[in-house]
Every structure is written in C-alpha cells, then in structure tokens.
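Hints in hand, dock the two standalone chains.
From first to last, the protein sequence lines are chains B and D.
Position in the first sequence (first residue = 1) + 994 = the working numbering.
Position in the second sequence (first residue = 1) + 4 = the working numbering.
Keep in mind that a hint or two might mislead.
Derived DSSO-like pairs (lysine-lysine); straight-line CA-CA distance at most 27 Å [what the hints assert, rightly or not]:
1. D/LYS81 to B/LYS1035
2. B/LYS1035 to D/LYS114
3. D/LYS64 to D/LYS81
4. D/LYS60 to D/LYS114
5. B/LYS1014 to B/LYS1060
6. D/LYS64 to B/LYS1035
7. B/LYS1035 to B/LYS1014
Hints were generated in silico from the structure; no laboratory data involved.
Here is how the chains run, residue by residue.
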Amino acid sequence: GAVVSQHPSRVICKSGTSVKIECRSLDFQATTMFWYRQFPKQSLMLMATSNEGSKATYEQGVEKDKFLINHASLTLSTLTVTSAHPEDSSFYICSAQTGTSGDTQYFGPGTRLTVL
Amino acid sequence: GDSVTQMEGPVTLSEEAFLTINCTYTATGYPSLFWYVQYPGEGLQLLLKATKADDKGSNKGFEATYRKETTSFHLEKGSVQVSDSAVYFCAGGVTGGGNKLTFGTGTQLKVEL
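Excised from the complex, chain D in its bound form (with noise of 0.2 Å):
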C-alpha cells in the first residue's frame, strides 16, 4: 500500500538556520502531496501541497518540491524563526483510496535563539 516516510526528529536549530526535513513517498500512482504543521496542543494546519510532478508548494518562506524521479517532497527554509517551532507531517493522498491521507511519522522541530 501506499506510504510516506519522514525523517525522525526531534530536529533542534538555531534562529536562521538552514531547514531540511526529508519526506518520501511510495505509492502506485502519483498523490498529491502535503505538508502540515502542528502546534503544541493545537489540530494541524495545512502548511503547503503539490499536486502533480515538479510542481512547487511554498507558503511562509517554506517550499517543497514535488520529485518523481526520487518519489521525494522534502520541506525547505532557508531562515527558520523560534515561531516555526512545532511538529511537520508529510501526507500523501492514498491512490484510489477515495481522498484518504496517508500520514507520516511527523517530524518535531524546536528553533533556539
């Protein structure tokens, strides 16, 4: 079946650095793919999607790409902020699966100053 594997955290940064979380997919088909974010004690919040092959999903200074060679949607920033500190969850939608998301382990992301 399909499934979505993302890198195991916790992650910890400093303010402005550099972020990568890795997140690729297996699937028959090609789902549409997902990001999410969650703050403590809070539901989850779409951060980003990409729906086809290269497309581009960006929102609040985080980008990823959707890459069919390497089945990967990894989540990128360039400056991360204390305020980015939450839990990120890579979804991809389940192939014939009648709009079912496929979830990922979620990834948790603590910034320091």
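Here chain B stands alone, though its shape is the one from the complex (with noise of 0.2 Å):
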C-alpha cells in the first residue's frame, strides 16, 4: 500500500520549453502533496506543498511563476516547469500524505529532468 508514481521517469528537453511532470498516488487519496528537488550527492530541498483543490504553497526562494504546481484531484499533482533552461535541471521528487498517515510521507521515484 501507499504507492506513489511519477511520470516520466527522465526527461530532456530543450532550453526554452515547458515540461509537465505527474504524480499520482495509486492506492490511497492523498490530502497533500510535496514537490521536493534534489542536487547530486545532497538533500531534498522542498519546493513547494499543495493541498487538493487549493493553490500551493511555496518555499522561500522557489520561483511559484517557474514551477507551476496543480493538485487538482486527490491522486493527481503535476509539476510545470516553465520556460525551462539548463540550470532547472535536477532530479525532481514527489511524496503525498494521506489523511490518517500523519506526517508519514510516501515518495515517488523521482523524475530526472535534463535541459539541453
């Protein structure tokens, strides 16, 4: 139980363009999401957290104009980035939270993005 999935897995794209990553919880409804960004061989840095049906919340310092974060259903978060260029490129990681997990958070794989 408490799986939580990412599409893609990798993505490059070109310096200039948008790309959408999704996160999607399989098996529960999760009240709350996180957009997480890791730097090689560091931490997680959190970016943002979005509660279904409301507009997220960003961290101090994280573009909300640059990374779009929609939460509009309770299995489904996407991740915009906009306007993508080469130092948006990182490795990007979901978690959710379901209503009774308290502050347990269940990870995605991660999505590899790639700006050329």
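Below, the structure is given as structure tokens:
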C-alpha cells in the first residue's frame, strides 16, 4: 500500500520549453502532496506543498511562476517547469500524505530532468 | 528552526559488519522521526519511524530508538549486506509545520564483499 508514481522517469528538453511532471498516489487519496528538488549528492530541498483544490504554498526562494503546481484531484498533482533552462536540470521528487498518515510521507521514484 | 544533523559519509563497510549512522535533531517540540533510504536512481523509501520518546522503529534488520535526552535517532543494523548499499536520510517532522519534514544531508553507505 501507499504507492506513489511519477511520470516521466526521465525527460530531456530544449532550453525555453516547458515540461510537465505528474505525481500520482496509486492506492490512496493524498490530501497533501509535496514537491522536492534534489541536487547531486545532496539532500532534498522542499519546493512547495500542495493541498487538493487549493493553491500551492511555495518555500522561500522558489519561483511560483516558474514552477507551476496543480493538485486537481486527491490522486494527482502536477509540476510544470516553465521556460526551462539548463540550471533547472535536477532530480524532482514528489511525496504524498494521506489524511491518516500523520506526518509520514510516501515518495515517488523521482523524475530526472535534463535541459539542453 | 528545526534541524536534523547526520554523520557525513561515505561509510564503507564489509559485509556482515555492524552499522551505525548517527542522527541528532533540534526542535522546539517533539517531532516524529524517520529514516528514509534511497537506492541509486530511485526516490526515497520509508525505512522506519518513531513518533515519541523511547519508541523504537525497526524494519529489515534496521533499528533506531527515539532518545529524547540526547535528541538522537541513530540508525543501527547488526549485519549489513551488499544490498544495503544506498543513501540513508534522517528526517524529522517540523514542529507546527503542517506535516512538513526536515531532512538531514544523507549518508552514503557502501557495503563490500
């Protein structure tokens, strides 16, 4: 139980284009989803927290107009990297919480974004 | 604010050796504590957790005890295997932070034959 998927697992795009990453909770309803960014050999940096049906809350220093987050249903959240640049290349990981999991987060497998 | 500190890696051990990865936390309250494991190229998997003082989390031979007096949550395993090679992250629930987690920097473990 508590499986989270991400799609795509890897994406390569040209500079200036937009990329959408999907995060799905497969066997539970996710009241809250989180988006993280991970740089090589470093820890996870929380980008934003999203609750179904409401606007995402972004962490300080994260551009909300560049990293668009939509949490349209209890099983799906999307992160769109707009006008991507090479410095946006990173490993993006989502996680989800159920209404009864307390502060336990269940993580997706991650998406490797490479911007050329 | 809340913070989690864990020992720097990489840690290299021989198979069947004893493992300890230290983790300490700083928080205004008593956060839930977690160990997550990340295998190469994958996302994080919850390894174990403890929600209050003196709780012991355990899974797959790994253990960690929530020590309020030393604000620690050290990860231990009596006999590691090559398949345990991964990066291990300690994390704490942020006090009053809306269920957000604060992560340590991760410790890479490499187990050799």
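Given pair status - D/LYS81, D/LYS64, alpha carbons within 27 Å:
holds (9 Å)
Hinted pair, alpha-carbon criterion (27 Å max): B/LYS1035, D/LYS114. Please report holds or violated.
The hint holds at about 14 Å.
Taken at face value, is the distance from the CA of B/LYS1035 to the CA of D/LYS64 at most 27 Å?
Judged against 27 Å, a Cα distance of about 25 Å means the pair holds.
Is the hinted pair B/LYS1014 and B/LYS1060 satisfied, with a Cα-Cα distance of at most 27 Å?
Distance ~12 Å between B/LYS1014 and B/LYS1060 Cα, so the pair holds.
Pair hint D/LYS81 and B/LYS1035, alpha-carbon separation not exceeding 27 Å:
Holds, because 23 Å separates the two Cα atoms, which is no more than 27 Å.
Restraint check for D/LYS60 with D/LYS114, where alpha carbons must lie at most 27 Å apart
Holds. D/LYS60 to D/LYS114 sits at ~25 Å (cutoff 27 Å).
Would you mind confirming whether the straight-line C-alpha gap from B/LYS1035 to B/LYS1014 stays at or under 27 Å?
holds (24 Å)
In terms of the numbered hints stated before, the structure departs from none.
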